[in-house]
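Protein chains in written order, with the numbering used here: chain E, 68 to 535; chain U, 68 to 535; chain H, 68 to 535; chain F, 68 to 535.
No lab work stands behind these hints, which were simulated from the structure alone. On a predicted model such as this, the values are computed, not experimentally measured, just so you know. The C-beta atom is built at its ideal place from N, Cα and C for all residues, glycine as well. Among these hints, one or two may not hold up.
[To be verified] Computed beta-carbon distance windows for the label pairs: (1) F:Gly156 x E:Glu277: 20 to 30 Å; (2) U:Ser133 x F:Glu224: 30 to 40 Å; (3) U:Ser133 x H:Gln114: 56 to 66 Å; (4) F:Ala217 x U:Ser133: 30 to 40 Å; (5) H:Lys305 x E:Arg343: 40 to 50 Å; (6) E:Arg380 x U:Ser133: 55 to 65 Å; (7) F:Gly170 x H:Ile134: 34 to 44 Å; (8) F:His382 x H:Lys467: 51 to 61 Å; (9) F:Gly170 x H:Asp136: 35 to 45 Å; (10) H:Asp136 x F:Gly371: 50 to 60 Å; (11) U:Gln114 x E:Arg380: 52 to 62 Å; (12) E:Glu295 x F:His382: 33 to 43 Å.
There are 4 protein chains.
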Amino acid sequence: MFDKFEDECGVFGIFGHPESANLTYLGLYALQHRGQESCGIAASDGQVLRMHKGMGLVADVFKKDSIFDSLPGESSIGHVRYSTAGGNGIKNAQPIMVDYVRGSIAVAHNGNLVNAQELRNELENRGSIFSTTADTEVIIHLLAHSKSEALPDRVTEALTAIRGAYSLVFLTETRLVGVRDPNGFRPLVLGKLDGAYVLASETCALDLIEAEFIREIEPGEMVVINKEGLKSYHPFGKVTPSPCIFEFVYFARPDSNIFGRNVYSVRKEFGRQLAREHAVEADVVIPIPDSGVPAALGYAEQSGIPFELGLIRNHYVGRTFIEPQQSIRHFGVKIKLNTVREVIEGKRVVVIDDSLVRGTTARKIIKMIRNAGAKEIHLRISSPPTSYPCYYGIDTPTRKELISSSHSIEEINRYVTSDTLGYLSHEGVRLAAGAPDGSPGHFCDACFSGNYPVKFPRLKADSQLGLF
Amino acid sequence: MFDKFEDECGVFGIFGHPESANLTYLGLYALQHRGQESCGIAASDGQVLRMHKGMGLVADVFKKDSIFDSLPGESSIGHVRYSTAGGNGIKNAQPIMVDYVRGSIAVAHNGNLVNAQELRNELENRGSIFSTTADTEVIIHLLAHSKSEALPDRVTEALTAIRGAYSLVFLTETRLVGVRDPNGFRPLVLGKLDGAYVLASETCALDLIEAEFIREIEPGEMVVINKEGLKSYHPFGKVTPSPCIFEFVYFARPDSNIFGRNVYSVRKEFGRQLAREHAVEADVVIPIPDSGVPAALGYAEQSGIPFELGLIRNHYVGRTFIEPQQSIRHFGVKIKLNTVREVIEGKRVVVIDDSLVRGTTARKIIKMIRNAGAKEIHLRISSPPTSYPCYYGIDTPTRKELISSSHSIEEINRYVTSDTLGYLSHEGVRLAAGAPDGSPGHFCDACFSGNYPVKFPRLKADSQLGLF
Amino acid sequence: MFDKFEDECGVFGIFGHPESANLTYLGLYALQHRGQESCGIAASDGQVLRMHKGMGLVADVFKKDSIFDSLPGESSIGHVRYSTAGGNGIKNAQPIMVDYVRGSIAVAHNGNLVNAQELRNELENRGSIFSTTADTEVIIHLLAHSKSEALPDRVTEALTAIRGAYSLVFLTETRLVGVRDPNGFRPLVLGKLDGAYVLASETCALDLIEAEFIREIEPGEMVVINKEGLKSYHPFGKVTPSPCIFEFVYFARPDSNIFGRNVYSVRKEFGRQLAREHAVEADVVIPIPDSGVPAALGYAEQSGIPFELGLIRNHYVGRTFIEPQQSIRHFGVKIKLNTVREVIEGKRVVVIDDSLVRGTTARKIIKMIRNAGAKEIHLRISSPPTSYPCYYGIDTPTRKELISSSHSIEEINRYVTSDTLGYLSHEGVRLAAGAPDGSPGHFCDACFSGNYPVKFPRLKADSQLGLF
Amino acid sequence: MFDKFEDECGVFGIFGHPESANLTYLGLYALQHRGQESCGIAASDGQVLRMHKGMGLVADVFKKDSIFDSLPGESSIGHVRYSTAGGNGIKNAQPIMVDYVRGSIAVAHNGNLVNAQELRNELENRGSIFSTTADTEVIIHLLAHSKSEALPDRVTEALTAIRGAYSLVFLTETRLVGVRDPNGFRPLVLGKLDGAYVLASETCALDLIEAEFIREIEPGEMVVINKEGLKSYHPFGKVTPSPCIFEFVYFARPDSNIFGRNVYSVRKEFGRQLAREHAVEADVVIPIPDSGVPAALGYAEQSGIPFELGLIRNHYVGRTFIEPQQSIRHFGVKIKLNTVREVIEGKRVVVIDDSLVRGTTARKIIKMIRNAGAKEIHLRISSPPTSYPCYYGIDTPTRKELISSSHSIEEINRYVTSDTLGYLSHEGVRLAAGAPDGSPGHFCDACFSGNYPVKFPRLKADSQLGLF
């Protein structure tokens with residue numbers, strides 16, 4: 068999973084805690100896996116919104132204590148970001164904070180809109196100017212143009228116009244708003260800490276600050292939190308939810324609970340199901356760390372083949388992933404992983420990874436394992452082939468780069484030089500993720516199936532889909 | 068002039084040169100004295116606008132050559148900024164660059180609008196959002212909202228709505244626009260280099276890049292430069308120009324020519340006139356470096372009293388001015404200046420400074436000179452008392468802090484502990500600056516006279532004027 | 068193993084490769100786990116030694132490619148360092164490079180001398196000056212004072228005077244020297260890459276640069292490498308080797324082979340032996356990641372109790388370990404680890420860690436596991452109680468801080484609030500590490516047993532041992 | 068004076084003041100003109116010496132207040148450095164601080180030894196190692212090897228062995244020592260502040276901290292300061308002093324008094340004498356700022372030709388001088404200076420500079436002045452031709468690069484394209500500097516005359532003198 072999907076985004080919000088910016092910092096720290104390119108925090112002291120954001124990891128952007136002094140107040144929202152829509156650079160870092168007729172507002176967004184360009188064109192025709200290329204700015208414009216008085220009405224009006232995936236947190240001088248799109252593509256959970264409400268992309272952020280998990284924000288739900296408490300709205304028409312199955316496969320942290328289930332447990336079940344579907348005679352099961360570990364444990368458990376750490380990860384690589392060092396780039400995956408020859412030599416090895424994008428990294432890893440003396444290598448992927456790009460907030464390569472969009476499994480097997488290759492089936496992944504009978508329609512699995520629950524306009528499809 | 072007015076802003080633009088960003092960098096370098104807080108460059112390659120900006124000096128913000136690689140194209144604009152309206156911080160750094168219905172546009176602004184808040188309120192009421200607190204963003208919104216098709220018409224429409232001081236450069240994918248407000252408060256000059264047109268706040272920027280000086284942009288003139296050449300417009304109603312006399316007194320570089328005259332020569336003439344108005348028996352004339360030097364030379368020439376450097380400036384102070392070092396702050400002016408006892412001891416000393424704001428620094432300097440053994444100290448200021456705040460782009464203190472707004476010259480003389488104190492007269496400063504017969508109306512001298520050529524709304528006056 | 072021993076040092080050397088500094092960088096990258104405080108590289112082009120070193124991680128100190136341009140030549144040595152003897156700070160960063168009568172020499176040292184202070188006193192009495200507080204400088208002085216002509220003789224003379232633990236690499240203009248002390252406390256391996264000899268603390272550094280493993284440098288061996296090839300010397304009297312057993316327990320990377328064995332395999336065997344010695348009825352075995360994983364796998368395998376990841380590590384913590392963020396410090400272990408409730412809730416849990424120093428972290432982790440719903444918690448440590456400080460290069464706390472030096476196992480069990488606590492036995496750890504019959508004398512296990520193979524002078528003992 | 072001599076070094080010391088490190092910082096700030104490459108401070112709290120040093124300006128290296136917290140104690144020494152002997156880089160930054168048999172000692176050195184290499188060879192033969200390539204380290208070695216007990220005796224013994232130019236400050240746990248070589252090449256002054264003794268290269272450092280000037284340290288004098296007070300020694304044989312005349316010409320700050328005279332006044336006298344020796348019919352005298360200003364004032368005064376600022380210096384250049392910006396380097400002197408056309412056009416111009424090294428910069432400046440419309444340009448240099456390198460602490464180019472070492476005045480005049488060129492005479496410079504009757508032997512003027520007061524060994528001469 069090294070050269071595959073880039074992370075997307077993570078959001079956090081808290082209302083009514085004297086250390087709101089500090090807790091938001093910690094929440095973002097726990098959500099760092101959802102975006103390492105930039106991060107930011109906006110805080111309100113009840114009168115004024117203030118913000119700090121920058122490129123880099125949370126621990127680097129918020130290094131100085133003086134930053135926290137400049138973010139006083141009892142409510143804050145935060146954001147970590149990779150890229151998705153909008154391109155790189157500080158100008159697209161979030162939260163986005165603006166002044167409008169009702170005062171100031173900041174917003175942090177996880178997801179991707181499918182009609183952002185259309186709306187942007189309309190807004191520009193009406194005279195609007197755009198400082199970023201982020202979808203999120205469209206939402207703010209819509210909200211500012213609303214003729215409604217009350218904030219919930221304004222937000223509703225804005226969100227009624229947009230389509231796609233969004234888990235959003237808004238902060239005004241006196242309110243925190245959280246919304247999840249009607250399909251519920253991205254997770255958003257609600258917690259409580261010392262009487263303060265907390266919103267976060269994943270429960271691991273609640274755990275770190277020791278907030279109590281209350282419930283998930285429901286697909287299509289908007290919660291508005293102020294001094295009087297929390298009010299829940301369901302302003303959108305009801306649609307069948309389609310949470311992103313890829314959150315289970317790769318994105319979310321294993322210690323998080325999202326969409327009603329624990330991620331680690333789901334991943335183990337992916338592995339068990341994979342063993343049922345693609346059994347093989349072998350001596351050892353090894354994961355590609357760290358994302359392949361839970362599925363490998365499940366595969367080993369189901370198959371009875373011993374689990375071993377045959378690949379060791381260098382824990383100091385983290386940073387270079389973000390800003391690669393010229394002189395080591397060509398060392399590629401070796402800089403991250405090394406084999407344990409004793410575990411591999413002379414063995415028939417089952418190698419487990421969670422997914423496979425271009426195949427180039429898998430090819431290198433299999434070569435390393437072969438060099439360490441493996442007799443046979445059976446690659447098992449704990450999800451179906453990733454053949455279709457995501458339009459809902461995951462920064463997949465174009466179809467041209469997705470090896471499984473243009474190659475058969477047998478061709479991929481030959482390319483990555485494994486002895487055998489097995490992917491988890493479409494039904495199997497849905498079943499293991501909790502869809503009753505493994506039937507479709509309970510999750511968005513567009514990246515596997517090409518079934519996109521929310522349609523996107525021609526415009527976007529043309530420029531991005533390429534191979535279709 | 069240390070604790071007085073902060074610098075304002077400087078702008079630069081160039082169209083049709085393969086090294087446009089690099090030349091803009093050099094132009095800003097030459098204009099650094101007009102703003103040290105932040106700077107930025109936007110460049111167009113004919114298709115796409117790109118920008119880099121940051122807090123700090125030009126040489127620091129554009130330290131890496133890779134930044135210039137990221138700014139390709141034959142047209143660029145740049146900006147150096149202190150503060151004036153809009154407050155500090157990176158979010159108000161310029162150029163401001165946005166997308167709107169016709170593409171992208173970047174703008175750099177020197178000056179200050181008097182009706183920005185009113186216009187902003189109107190725009191917010193119509194649904195606009197604001198990412199900065201800078202006046203300049205208002206201009207962009209107006210331009211984007213214009214119903215006109217052609218860029219010159221849009222710019223005209225926007226500028227017709229605004230009132231105040233502005234020398235502006237706009238950059239689109241294919242055009243460079245320069246405008247000076249009808250009063251011509253701030254300078255803006257036109258040059259040419261290898262066939263490329265250049266716009267700059269002062270001629271010193273032309274000199275550095277070895278561009279030929281063509282002429283000044285006239286008050287109320289708009290020039291639109293594209294591949295076909297330069298077109299000049301005079302879209303505004305004619306008013307009597309009132310260029311800022313304080314540019315001569317302090318802001319502009321002595322090697323620049325602005326408003327038709329050389330700054331150094333004007334300052335010398337201020338000194339000569341000062342000698343005529345406030346002669347005194349003395350042994351030596353010393354300037355407060357560096358801003359007092361030309362006037363001191365003029366005073367010495369006229370009076371026949373020898374000119375000497377009795378105060379030496381530490382040339383490594385520059386940077387600390389911007390980011391003061393905690394441990395040396397209380398050393399105040401001593402960190403910047405030291406006396407040359409041999410020049411001063413036992414002498415009757417005429418001390419020349421260009422202006423006097425709070426009086427606290429002058430008081431310290433006079434104490435230093437007294438300690439160095441001066442027998443008499445005659446402070447001469449080469450401009451009239453600065454009694455009124457500026458609303459046209461100079462970041463003056465409030466009236467309360469302007470010592471001359473509430474104290475008589477005799478009181479000030481006592482406060483700064485000089486033996487005698489003489490200011491240049493209102494008529495004298497105008498005469499020396501080139502106003503025929505020294506009559507009023509040829510310059511804006513509102514900071515001396517309180518006669519504001521462009522009225523400002525109550526709103527602003529209330530919050531800012533305080534003592535009126 | 069979070070609040071326990073700090074890492075020690077790692078060394079690397081290469082002779083005869085055109086990209087020597089670059090490969091040294093990669094070697095240090097692979098050895099980063101042995102020291103994160105500072106690092107450095109010295110390179111020789113056959114004529115001149117050059118060096119770059121700094122505080123921080125290898126990837127940060129050697130961020131710019133220009134650094135490598137400044138380190139030309141076919142031979143290089145490198146060093147990563149935590150602290151051990153000599154205190155923190157850039158002045159003790161290594162390599163240490165000096166000029167002496169024969170030219171220039173650089174040295175990188177892993178280990179700790181027991182008579183460094185005595186020798187330093189003697190040298191100072193003879194007029195020597197010391198720029199660092201590192202043991203290593205003593206070695207250089209001795210070498211420079213030697214009356215011998217040939218470098219091997221000089222090194223021998225210097226090393227004959229010192230006692231303690233050292234794996235050393237020296238670089239001169241034309242030679243690379245590697246030495247391991249007679250006891251062989253610290254590892255040092257020899258490899259070959261494209262005809263160039265390579266020295267490294269661990270084999271993982273060879274693996275990364277794809278060098279072939281030749282053999283370990285033997286205890287008491289000195290190898291001198293120049294253009295003619297490699298020459299081996301055994302200049303010291305023979306003693307029974309006593310390699311550090313704690314390298315197996317914690318320090319070395321699991322993918323390395325040291326002291327003739329694979330670290331991962333030895334750690335798994337520690338876990339199996341632990342299961343034999345401290346069996347318990349339980350539902351799940353969970354490691355404290357990452358150091359406890361191999362032993363937990365061994366324990367699970369031997370006991371038949373399923374292995375699960377009940378604790379998830381935040382992979383972005385690495386950096387903060389080095390430079391802690393004020394605002395998150397009190398969150399302690401929570402910032403690094405989170406529980407997976409689904410794995411733990413309602414279960415009898417065996418928790419495996421490799422060692423236990425102060426007990427404070429274990430106590431917090433056990434509380435976290437208890438909060439996640441564990442029914443019983445059985446803490447198992449895959450090494451004996453660490454009751455004695457190390458004088459051979461591992462930065463252990465003083466005895467006073469080592470909980471097991473003053474508390475019984477039952478007391479520790481009560482302190483960390485586990486239901487039961489079991490340590491691996493002295494014999495068990497030796498047996499699993501490969502000592503025939505588990506008999507003593509094959510390893511240095513002074514930190515467990517108090518049997519120090521190399522005596523240290525009173526002087527040092529007094530100041531450091533405290534509790535003895 | 069832009070492409071000429073690089074600055075040398077400055078030293079500072081203070082004993083017995085609770086804010087010693089802070090005052091040393093300020094002292095170095097005032098001495099910044101003597102060295103911009105690196106700087107450092109060592110402080111003693113009576114028990115322990117501590118140090119901080121780094122590359123860059125004083126205000127940058129000592130930016131954080133925490134650095135001062137790490138330098139407690141009532142005595143400190145400091146150093147600013149360009150290069151002279153020893154090459155660039157942090158390893159040669161000063162103070163140099165070591166441990167030796169009597170404890171710790173730090174030293175800061177202004178000057179250059181002529182027998183450093185010889186002594187270093189001897190010391191290396193006796194087994195000494197060298198961590199730097201600075202002369203200063205030799206002094207420390209000699210001091211450490213001394214058999215004497217008392218510090219003054221040790222210092223004396225060390226200094227008796229060295230020859231050349233040195234103004235030194237030493238700091239031990241309990242003492243501050245200041246020494247000036249018997250020739251007194253470099254200045255060193257003594258002051259007092261709140262009962263604390265202060266040593267500094269120039270009086271401007273005393274002025275800044277408001278210390279009282281007591282007297283100069285005499286050539287060949289050593290002062291030892293401790294809690295009991297100051298003791299003066301004259302341990303060396305008496306020789307005729309030969310203070311460096313170039314300190315007056317260029318190095319020292321004009322507000323400083325050194326060698327018994329005020330620098331500004333001496334420079335003005337250089338200008339007057341120059342006017343006497345090289346009168347010319349002209350309309351205006353302009354200095355090359357800032358170093359040419361005092362001499363230009365003197366020339367104007369003597370000749371009666373008006374003084375004007377015809378060249379304006381960009382005050383933001385300072386930093387780039389140290390670390391030049393790739394993209395502007397070729398703009399050379401234009402980045403630093405601009406002409407004031409009004410002052411120059413149509414005029415016969417006398418241009419004054421203090422000295423002339425390679426002639427390349429002067430050539431560019433004269434071209435600029437010609438372009439600004441000068442009718443005639445008469446270049447006047449306020450010192451004799453600089454034909455010989457300095458071996459006493461000034462980093463002159465080799466003879467080959469000194470234009471006057473191989474070219475006649477007429478040839479130089481043609482090269483720099485001036486109409487006429489006049490240098491101050493040897494006798495004139497001495498006379499103006501205060502030598503009775505302008506006779507030789509009162510100053511070191513080796514750079515002009517080739518008469519070196521302290522002989523240097525063949526060794527050094529061979530490698531450096533080149534053209535001799």
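**Request:** Just tell me: holds or violated, for the beta carbon distance of Gly170 (chain F) and Ile134 (chain H) against 34 to 44 Å?
**Result:** Given a distance of about 36 Å, which is inside 34 to 44 Å, the answer is holds.
**Asked** Taking the CB of Asp136 (chain H) and the CB of Gly371 (chain F), does the distance hold inside 50 to 60 Å?
**Response** holds, 57 Å
**Asked** Okay, His382 (chain F) versus Lys467 (chain H) on CB: inside 51 to 61 Å?
**Response** Holds: the Cβ-Cβ distance is about 59 Å, inside 51 to 61 Å.
**Cβ distance range 40 to 50 Å for Lys305 (chain H) and Arg343 (chain E), holds or violated** = Violated - the Cβ-Cβ distance for Lys305 (chain H) and Arg343 (chain E), about 60 Å, lies outside 40 to 50 Å.
**Request:** With respect to the beta-carbon atoms only, verify the hint that Ala217 (chain F) and Ser133 (chain U) lie 30 to 40 Å apart.
**Result:** violated, 58 Å
**Asked** Is it true that Gly170 (chain F) and Asp136 (chain H) lie within 35 to 45 Å of each other by Cβ?
**Response** About 41 Å separates the Cβ atoms of Gly170 (chain F) and Asp136 (chain H), which means 35 to 45 Å holds.
**Message:** Tell me if the beta carbons of Gln114 (chain U) and Arg380 (chain E) are separated by a distance inside 52 to 62 Å.
**Reply:** The hinted range 52 to 62 Å is violated for Gln114 (chain U) and Arg380 (chain E), with Cβ atoms some 43 Å apart.
**30 to 40 Å as the expected CB spacing between Glu224 (chain F) and Ser133 (chain U), which holds or is violated** = violated, 55 Å
**Message:** The hint says 56 to 66 Å between Ser133 (chain U) and Gln114 (chain H); measuring C-beta to C-beta, is that right?
**Reply:** violated, 33 Å
**Asked** Is it true that the C-beta distance of Gly156 (chain F) to Glu277 (chain E) lies inside 20 to 30 Å, as the hint says?
**Response** violated, 50 Å
**Request:** Take the C-beta atom of Glu295 (chain E) and the C-beta atom of His382 (chain F), compute their distance, and say whether it sits inside 33 to 43 Å.
**Result:** Between Glu295 (chain E) and His382 (chain F), where Cβ atoms are some 58 Å apart, the hint is violated.
**Message:** Can you tell me whether the CB distance of Arg380 (chain E) to Ser133 (chain U) sits inside 55 to 65 Å?
**Reply:** Since the Cβ atoms of Arg380 (chain E) and Ser133 (chain U) sit about 31 Å apart, the hinted range of 55 to 65 Å is violated.
In summary, the numbered hints that this structure violates are 1, 2, 3, 4, 5, 6, 11 and 12.
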